[in-house]
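**Q** Sequences and hints are given; from them, build the entire structure.
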Amino acid sequence: MPNLPTPHRLGLRLKFTILITILLVAVFALQSYLLFTNNLNDSRVSLTNEVKTYTALSTLPIGTSFDQYYEQGHFRFGEIVQSILDSSNKTITNLSVFNTNGDLLFDSKQLYRDERDNVAYSPTKPQIGFAKNELLTYIQRIDPTQINSTKQKNEITTIIYPFLDSYNKHQYSITYTISYERIYKNLYSDIQDRLVIAIISIIMASVLIIFFVNISTLKPIKQLAQGAQWIEGGVLDHPITLNTNDEIEDLAFSVNRMAQTLLTSQKILLSDKNIISAERNKLAVALASIADGVIGVDMERRIVIFNRAAEEMTGYNSEEVLNKKIEEVLILSEKENPVTPDIYCPIRVDAFEGVVYNNDDIKLKGNNKESVVNITSGKIKEALEVNLGCLLTLHDVTKEKQLEEMKLDFVSMAAHELRTPLTSIRGYLSVYLEDYGKGLNEEQKMFLNRMYISTQQLVSLVENLLGVSKIERGVFKVDPGPLDWVKSVRQIVADFKNRADEKKISLNFIEPTQKLPMVKADGLRINEVLSNLLSNAIAYTESGGKVDVWSELGDNSVVTHVKDTGHGIPKEAMPKLFTKFFRVWGKLEMGSKGTGLGLYISKSIVEAHGGKIWVVSELGKGSTFSFSLPINPTNPNPAPKTV
Amino acid sequence: MKRKKSVVLLIEDELFIRELYQNRLQKSGFSVLVASDGMEGFNLASKNPDIILLDIMLPKMNGMEVLAKLKENSQTSGIPIVMLTNLGQESIIKEAFKKGCLGYIMKMRVTPSELSQRVEEFLANPTQKMDVAKIDLD
Chain A
157 MPNLPTPHRL
167 GLRLKFTILI
177 TILLVAVFAL
187 QSYLLFTNNL
197 NDSRVSLTNE
207 VKTYTALSTL
217 PIGTSFDQYY
227 EQGHFRFGEI
237 VQSILDSSNK
247 TITNLSVFNT
257 NGDLLFDSKQ
267 LYRDERDNVA
277 YSPTKPQIGF
287 AKNELLTYIQ
297 RIDPTQINST
307 KQKNEITTII
317 YPFLDSYNKH
327 QYSITYTISY
337 ERIYKNLYSD
347 IQDRLVIAII
357 SIIMASVLII
367 FFVNISTLKP
377 IKQLAQGAQW
387 IEGGVLDHPI
397 TLNTNDEIED
407 LAFSVNRMAQ
417 TLLTSQKILL
427 SDKNIISAER
437 NKLAVALASI
447 ADGVIGVDME
457 RRIVIFNRAA
467 EEMTGYNSEE
477 VLNKKIEEVL
487 ILSEKENPVT
497 PDIYCPIRVD
507 AFEGVVYNND
517 DIKLKGNNKE
527 SVVNITSGKI
537 KEALEVNLGC
547 LLTLHDVTKE
557 KQLEEMKLDF
567 VSMAAHELRT
577 PLTSIRGYLS
587 VYLEDYGKGL
597 NEEQKMFLNR
607 MYISTQQLVS
617 LVENLLGVSK
627 IERGVFKVDP
637 GPLDWVKSVR
647 QIVADFKNRA
657 DEKKISLNFI
667 EPTQKLPMVK
677 ADGLRINEVL
687 SNLLSNAIAY
697 TESGGKVDVW
707 SELGDNSVVT
717 HVKDTGHGIP
727 KEAMPKLFTK
737 FFRVWGKLEM
747 GSKGTGLGLY
757 ISKSIVEAHG
767 GKIWVVSELG
777 KGSTFSFSLP
787 INPTNPNPAP
797 KTV
Chain B
149 MKRKKSVVLL
159 IEDELFIREL
169 YQNRLQKSGF
179 SVLVASDGME
189 GFNLASKNPD
199 IILLDIMLPK
209 MNGMEVLAKL
219 KENSQTSGIP
229 IVMLTNLGQE
239 SIIKEAFKKG
249 CLGYIMKMRV
259 TPSELSQRVE
269 EFLANPTQKM
279 DVAKIDLD
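Chains A and B supply the protein sequences, listed in that same order.
Last residue of the first sequence: number 799 in this note's numbering, and the count goes up by one each step with no gaps.
Last residue of the second sequence: number 286 in this note's numbering, and the count goes up by one each step with no gaps.
It cannot be assumed that every hint is accurate.
Unchecked claim - So the derived list for chain B, only partly shown, Cβ under 10 Å to chain A, looks like this:
hint, residue
1, 162
2, 164
3, 171
4, 175
5, 234
6, 236
7, 238
8, 255
9, 257
10, 259
11, 260
12, 262
Derived from the structure by calculation, the hints contain no laboratory data.
We put the CB at the ideal spot given by N, CA and C, even for glycine.
**A** The structure is reproduced here in C-alpha cells:
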C-alpha cells in the first residue's frame with residue numbers, strides 16, 4: 157500500500173469554511189444595512205411627527221404660561237418647561253421662546269436643578285445656534301416650520317411653532333430642538349441583538365454546510381485521491397466504489413476504467429516482455445552453439461556481442477573484449493593489406509538493412525591467434541534504436557584454406573613431376589622428326605605427327621593446370637608495357653597457319669583499315685590468350701571452314717576478334733563458358749580435346765590487364781570470341797612501326 | 149669444323165633427357181661433357197668448359213649448391229652457367245640469378261634443337277644476363 161502524502165495546509169475543508177463564512181457575513185451585513193437605513197428613516201419620521209403633535213399640543217400651555225408666569229417669576233415657567241422636556245423622554249433636548257423680533261426670551265439651557273432638586277433659572281442668556289436673520293424668517297411665520305441641520309455629527313431637527321394669543325396675534329415662536337440619539341440607541345441595541353443571533357446562525361450554518369460538503373464531496377474526493385494513489389503505486393485491481401450520483405462518481409468510473417486499461421496494457425507488456433526474454437534466451441543459446449563467430453558492435457564500434465566461437469577464433473575471453481573498440485582487439489587484413497573498421501563495419505544511420513561487407517579471405521589476428529575467415533558484416537534497420545552498429549559473422553576457413561593450399565601444392569607438384577617425362581617424350585619425338593622425317597613414308601610421318609600433337613596437348617594441359625594453380629594462389633602476375641599488338645597478332649596467326657592448313661581450314665588475318673595505337677599489355681601473357689582462342693577456333697571448326705582474325709579500335713581500347721564457322725555454342729552453355737574445367741558438349745574431332753582451362757585462364761589474363769572478354773555465338777553457324785586491351789596511355793596514338 | 153669445338157658441360161640426372169640433349173648438342177657441333185649428379189658436375193667443372201647447363205633437382209648436391217660453389221671458386225667463377233630445369237617458381241629463379249647464373253631455361257618450353265640454338269646465343273654473348281621478366285614463371 158502506498159504512503160499517503162501529508163494533507164495540504166489549506167485543505168478543501170478550510171477553503172469551503174472560509175468561503176461560506178464570507179458569504180454569510182456578507183448576506184448579514186447587507187440585510188443589517190437595509191434594515192438599519194429603513195428603520196432609521198421610519199423612526200425619524202415618526203419621531204418628528206410625534207414631536208410635531210406634541211409641540212402643537214404643548215405650544216398653547218407654554219405660550220399661556222409664559223404670559224402668566226414669566227413676568228411674575230421665572231421659576232414657575234421653568235418648572236413647566238422642565239416637565240415638558242422630561243415628559244418627552246429626552247427627545248426634546250432644548251426649548252426656546254423668541255418674540256417676533258427674533259429676540260431670545262427664554263431658553264431651556266438656562267434651567268438647572270438646585271440642591272433641593274428644584275428647578276432653578278439662570279439669567280445668563282445662552283448662544284443661539286442660528287444666525288439672527290435666518291432665524292427671523294422662520295420665527296415670523298405663522299405656520300410651524302421644520303429645520304434639519306447637522307451639529308457635531310449629530311442630526312438635529314428644530315421645529316419652530318408660532319404662539320397666537322386669543323386675538324390671534326402672533327406673540328411668540330417656540331423652538332423645539334429634537335435629538336435622534338434615542339432612536340440611534342434603540343437601533344444599535346437592536347442591531348446588537350441581531351448580531352448575536354447572526355453569529356450563532358452563521359456558525360451553525362457553516363458547521364452544517366461543511367458537514368454536508370464533507371459527506372457529499374470531500375469524502376468521495378479523498379476516496380478518489382486514495383484510489384488514484386493506489387493506481388500510482390501499481391495496485392490496479394482495486395476499483396474505487398462511490399455512489400454519489402454526481403460528477404465525482406463519473407470521475408471515479410473513468411479512473412476505474414483507466415486502471416482497467418492500464419492493467420490490460422500491463423498484462424500485454426508483461427507477456428511481450430516474456431516473449432522478448434524468451435527470444436533473447438533463444439538467441440543467446442543459438443549464438444553460443446553455432447560454429448561461426450558472431451561479434452556485434454555498437455554505433456561507436458564497441459563490442460557488445462562476442463560469442464563462444466568468436467572466443468575460440470580469436471583467443472580472447474568475451475569478458476576481456478566487451479565494451480572495447482573492435483579495432484583495439486582485432487586486426488584484419490586481406491593479402492597483407494590492412495582492412496579497417498571503416499571498410500568492414502561502416503556506421504550507417506539510414507534505414508538500410510542487409511550485408512554491408514563481405515570478404516571470404518580475411519586474415520584475422522586476435523590474442524596471439526591467427527585465422528583465415530570469411531567475414532560477413534550486416535546492419536539492421538533499427539541500428540540506432542538498439543545501438544547496434546553492425547553484426548559480424550566470422551566463418552573460420554583456416555582449414556579450408558589449408559586444404560586448398562594442399563590441393564594447389566599437389567597440383568603444382570604433380571604437374572611438375574609430369575614435366576620430366578613429357579619433356580623427354582616431346583624432345584625425342586621432335587628430334588626424331590627433325591632427323592629422320594624425310595626418310596619416312598607418309599603413314600609413318602602421320603603417326604609420328606599425331607604422337608607429337610598429342611604430346612603437345614598434354615604439355616598444354618600440364619601448363620594450364622599450373623596456370624590455374626597460379627591464378628588460385630594469387631601469385632599470377634601480369635607485367636603490362638607498351639605493345640604493338642597488331643604485329644603480335646599477325647605473328648601468332650602466322651604460327652597457327654600450319655595447324656589450320658592441316659585441317660584444311662582457311663585462317664586469315666584481316667589487316668586493320670586504320671593504324672591502331674599501342675596497347676598496354678604483357679606480351680607473353682596476352683599471346684597466350686590469342687593462341688588459346690585460335691587453337692579453340694581451329695579445334696571446333698570442321699575441315700573447309702574458316703577462321704578470321706582482326707583487330708579494331710574500341711572504347712579507349714583495342715578489340716580483337718576471332719571468328720570461326722564452327723559448331724557454335726549452345727545458349728545454356730554460355731554462362732559457364734569462362735569457368736574452370738568447362739567444356740562445350742557436342743561433337744569434337746578426335747585429338748582436338750582441350751583442357752577445359754583455356755578460357756578460364758584467358759579470362760583471368762584479360763581481366764588482369766583491365767580488359768574484357770566475351771563471345772557472340774549462334775549454334776551451327778559459328779562463334780566470335782572478342783577481347784579488349786587498354787590503349788597504352790603514355791603514347792596514345794603512335795604509328796605502328798612495321799606493316 | 150675449322151674452329152675449336154665449344155665444350156658444354158651438361159649436368160642432368162635423368163638418363164633419357166641427358167642423352168637426348170647430349171645427342172642434339174653433339175649433332176649441333178658441341179663437345180659435350182656429361183654428369184649425372186651435382187657432385188660429379190662440380191668436379192667436371194674443373195675441366196673448364198665453355199658453358200655449363202645445370203639442372204636443379206639433382207642427387208648428392210643440388211643445382212643451387214653447385215652454382216654457388218662454382219661461383220665461389222675463382223677458377224670456375226668465370227664459366228657461364230645456364231640453369232636447365234622444370235622448376236618455375238619465381239623465388240627459385242630469382243635466387244639462381246642472385247647466385248650468378250647467366251640464364252634460366254624451362255626444359256618443357258624448348259625442343260632440343262631450340263636448346264642448342266639458345267646455347268649458341270649464350271656463347272655469343274657470355275656476359276649478357278637473361279631478363280628475368282621474360283621468363284614465364286610458375
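**Q** Each of the hints needs a verdict: does it hold here or not?
**A** Status of the hints after comparison with the structure:
1. 162: Holds: closest Cβ of chain A sits about 6 Å from residue 162 (chain B), inside 10 Å.
2. 164: holds, 4 Å
3. 171: This interface hint holds because 7 Å falls under the 10 Å limit.
4. 175: OK, holds: residue 175 (chain B) within 10 Å of chain A, min 8 Å.
5. 234: Status holds, d = 4 Å.
6. 236: holds, 7 Å
7. 238: holds, 7 Å
8. 255: This hint holds: residue 255 (chain B) lies near chain A, its Cβ roughly 5 Å from the closest one there, short of 10 Å.
9. 257: holds, 8 Å
10. 259: The hint holds - residue 259 (chain B) has a Cβ within 10 Å of chain A, the shortest such distance being about 4 Å.
11. 260: Since the shortest Cβ distance to chain A is 5 Å, the answer is holds.
12. 262: This hint holds: residue 262 (chain B) lies near chain A, its Cβ roughly 9 Å from the closest one there, short of 10 Å.
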